[in-house]
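Here the protein sequences come in this chain order: A and B.
Here the first sequence stands for residues 1 to 129, numbered as in the working numbering.
Here the second sequence stands for residues 130 to 409, numbered as in the working numbering.
The set of hints was computed from the structure by calculation and includes no laboratory data.
Even for Gly, the Cβ is constructed at its ideal location relative to N, Cα and C.
It is possible that part of the hints are untrue.
Stated by the list, open to error - Pair ranges (Cβ atoms, derived): (1) B:G391 x A:I24: 28 to 38 angstroms; (2) B:G163 x A:R123: 31 to 41 angstroms; (3) A:D115 x B:G220: 43 to 53 angstroms; (4) A:A125 x B:S189: 22 to 32 angstroms; (5) B:G163 x A:D121: 17 to 27 angstroms.
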Amino acid sequence: MGYDKDIDHFVKGDGIDSEREQSIGQHIGYRYDVNLVPDYTRLTTFLKDYISKMGWQDLNWLEDVHMGYEENRPAVFDRNINGWVTVPPDIDLPDNQQDRDMIARELLIKFQMSDRHPLADLRKAYAKF
Amino acid sequence: MAKLEQGDPTEMGMRTEQLTGRTQQVFFSAEESGNLTYPWAPEVDFEKCSEIDAENLSASDINKQIRSLMSEGYGTITVLNPGAKHSLGVGILSRLNLRFEGSLGYFGCGLLDGPNVVITGRVGWSCAENMMAGTLLVEKNAGSTFGAAIRGGDLVCRGDVGSRTGIDQKGGTIIVGGKTGAFSGFMMQRGRMVILGDAGKNLGDSMYDGTIYVGGAIADLGVDAVEADMTELDCEWLQRKLALYGMETSNGIENMTKIVAGKQLWNYDNLEPSEKKLVL
């Protein structure tokens, strides 16, 4: 997208912009900009701890994690399960994409590192080493 | 959302019920664990160092020794005399500082998910294939398909790389200090590629998404790769990212060329929403 739109375009609206989208009544494609680079002034404490623990100097792979939507609910895509994980409804979301992305990154790490994650079961069943 | 009707879905086992490609499940709760590493990852200490002399070891034995040292808590491992053996340092799924004093052969350091790797020599074909997270720095040159199908992390080569760099890139950042060969960014889907030198023919051919920044000359662009305007966020990100590896472009970051997908080829319009996530 290259920021020719407002960064918060999908936060402010429903993403139904084009003629085709209006005719079918739903947005086509991602409801976030996959190319949006993170604003490092908005890092959460948890993410700072994670970066430090891993010995990295920035968000590394989390730069590609954004807050998206699944069936109109805020969600984050977990590549390890190839599916969306919806955000609990009791979490108040900020009004801008950059802060939402930081929350998505934090939630995803907490989910992936939990022993309740589906990979934990898969690993028990199939891990070779 | 698809639901499993048979039993507890967190239990393993074969199922006859067909899932139709919708959301798998909502597992997350706000009180989820605060772990910073995978539950099965060995707890290693970066201050605890060890060395492996690989001269008379097979690739398999070298990889086993790395795992063994990690299970003993060593967080910094140096491999001496890797001798350009193939498939070294693969499948490391946790935090680790790993250093190779020398060159690697084909398929070095594939499937990384977390470690910080430095290779002081060169690497052969398909270095860091399917990399998920972490950093990998090659001090000299790299062969073809550098970072093929990379999904995350920073993959850096200070020298020149061969053709098809970042083919099928699905995320992460690839930085090339020198030149890159033909068809770099071929079928790129997301992520960022930074080429400080020149780019070969058909750059970004058939790319779906993602961004390519080029500091030097571009031989020509592939199908549906188009030039876009550099933004302030682009420049800030490039400045910060290149500084991490002590790299810079000779013409100034603001004068780099930004290449994105023209999106004339992609056919996502024909996909149902539930199918779109399969290409993420």
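Consistency of the hints with the structure:
1. B:G391 x A:I24: 28 to 38 angstroms: 23 angstroms, violated
2. B:G163 x A:R123: 31 to 41 angstroms: 20 angstroms, violated
3. A:D115 x B:G220: 43 to 53 angstroms: 21 angstroms, violated
4. A:A125 x B:S189: 22 to 32 angstroms: Once the Cβ atoms are compared, 24 angstroms apart, the range 22 to 32 angstroms for B:S189 and A:A125 holds.
5. B:G163 x A:D121: 17 to 27 angstroms: Holds, since B:G163 and A:D121 (Cβ atoms, about 21 angstroms apart) stay within the stated range.
Consistency note: the structure conflicts with the earlier hints numbered 1, 2, 3.
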